[in-house]
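Listed here are the chains, written in short residue letters.
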Amino acid sequence: GESVGLHLPTLSVQEGDNSIINCAYSNSASDYFIWYKQESGKGPQFIIDIRSNMDKRQGQRVTVLLNKTVKHLSLQIAATQPGDSAVYFCAEISAYNNNDMRFGAGTRLTVKP
Amino acid sequence: DSGVTQTPKHLITATGQRVTLRCSPRSGDLSVYWYQQSLDQGLQFLIQYYNGEERAKGNILERFSAQQFPDLHSELNLSSLELGDSALYFCASSVAASASSYNEQFFGPGTRLTVL
Chain A
2 GESVGLHLPT
12 LSVQEGDNSI
22 INCAYSNSAS
32 DYFIWYKQES
42 GKGPQFIIDI
52 RSNMDKRQGQ
62 RVTVLLNKTV
72 KHLSLQIAAT
82 QPGDSAVYFC
92 AEISAYNNND
102 MRFGAGTRLT
112 VKP
Chain B
200 DSGVTQTPKH
210 LITATGQRVT
220 LRCSPRSGDL
230 SVYWYQQSLD
240 QGLQFLIQYY
250 NGEERAKGNI
260 LERFSAQQFP
270 DLHSELNLSS
280 LELGDSALYF
290 CASSVAASAS
300 SYNEQFFGPG
310 TRLTVL
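Chains as they are written, first to last, in the working numbering: chain A, 2 to 114; chain B, 200 to 315.
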């Protein structure tokens, strides 16, 4: 998988625009999903999570959508700000598989002022 | 500041050596997770401890081991180091026993290990 150090998918948006970051997960038994933000030189930071019995969850300026049919997760950031610039990646956890945790390829979001 | 501390911040060592990374969880958190983030494999879950006991195991090599002490701090021991072990090592802590609980993990700043 890709990581913060390699060539990551990138998304460049203008300040104030909405951003959508996508993630394809691998385990159909995963029942809990998390989006993380990682700024350069820092550890991952929790943004929002969602259980598999939901298809949408909203936080402050962020929304996570889950489509179990196609194993797809997305993160929507409203009114993107320069401080949102970071690498974003998803995590999937399966309670059925002894809390097996997997992390998706990151996407580098750059917000232009 | 997440409240999770890790030491050292940087570590440079040679192949074949052994190192110990240390993590202090947030006050009140009973779970500690260890992760490896390398350039070619992204973030990988290694192991989790809850209140002193091993709780879950991920892609942890046999050369690596960890423990959680009565004061809840944790150490990750890496032995017979290879060039490919060079990576960022993060620990995270949470209150809950299970990673699948609706319970946020707080990550430390990481230890950058360079094996020469």
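Worth double-checking, as some hints may not be accurate.
What the hints assert, rightly or not - Subject to a maximum C-alpha distance of 16 Å in a straight line, what follows is the list of computed EDC-like cross-link-like pairs (lysine to aspartate or glutamate): (1) 256/B / 101/A; (2) 43/A / 200/B; (3) 113/A / 18/A.
Unchecked claim - Partner residues are not named here, just some residues of chain B that face chain A (Cβ under 7 Å, in silico): (4) 202; (5) 241; (6) 242; (7) 244; (8) 249; (9) 297; (10) 298; (11) 303; (12) 306; (13) 308; (14) 309.
Claimed, not checked - Cβ pair distances, simulated, as ranges: (15) 68/A / 209/B: 40 to 50 Å; (16) 279/B / 68/A: 26 to 36 Å; (17) 219/B / 55/A: 39 to 49 Å; (18) 96/A / 258/B: 16 to 26 Å; (19) 17/A / 270/B: 25 to 35 Å; (20) 261/B / 72/A: 26 to 36 Å.
Hints were generated in silico from the structure; no laboratory data involved.
Cβ coordinates follow ideal geometry from the N, Cα and C atoms, glycine included.
Verification of the supplied hints:
no.	hint	result
1	256/B / 101/A	8 Å, holds
2	43/A / 200/B	10 Å, holds
3	113/A / 18/A	10 Å, holds
4	202	12 Å, violated
5	241	4 Å, holds
6	242	4 Å, holds
7	244	4 Å, holds
8	249	11 Å, violated
9	297	6 Å, holds
10	298	4 Å, holds
11	303	5 Å, holds
12	306	3 Å, holds
13	308	6 Å, holds
14	309	5 Å, holds
15	68/A / 209/B: 40 to 50 Å	41 Å, holds
16	279/B / 68/A: 26 to 36 Å	44 Å, violated
17	219/B / 55/A: 39 to 49 Å	41 Å, holds
18	96/A / 258/B: 16 to 26 Å	18 Å, holds
19	17/A / 270/B: 25 to 35 Å	47 Å, violated
20	261/B / 72/A: 26 to 36 Å	32 Å, holds
Checked against the numbered hints given earlier, the structure breaks hints 4, 8, 16, 19 and satisfies all the rest.
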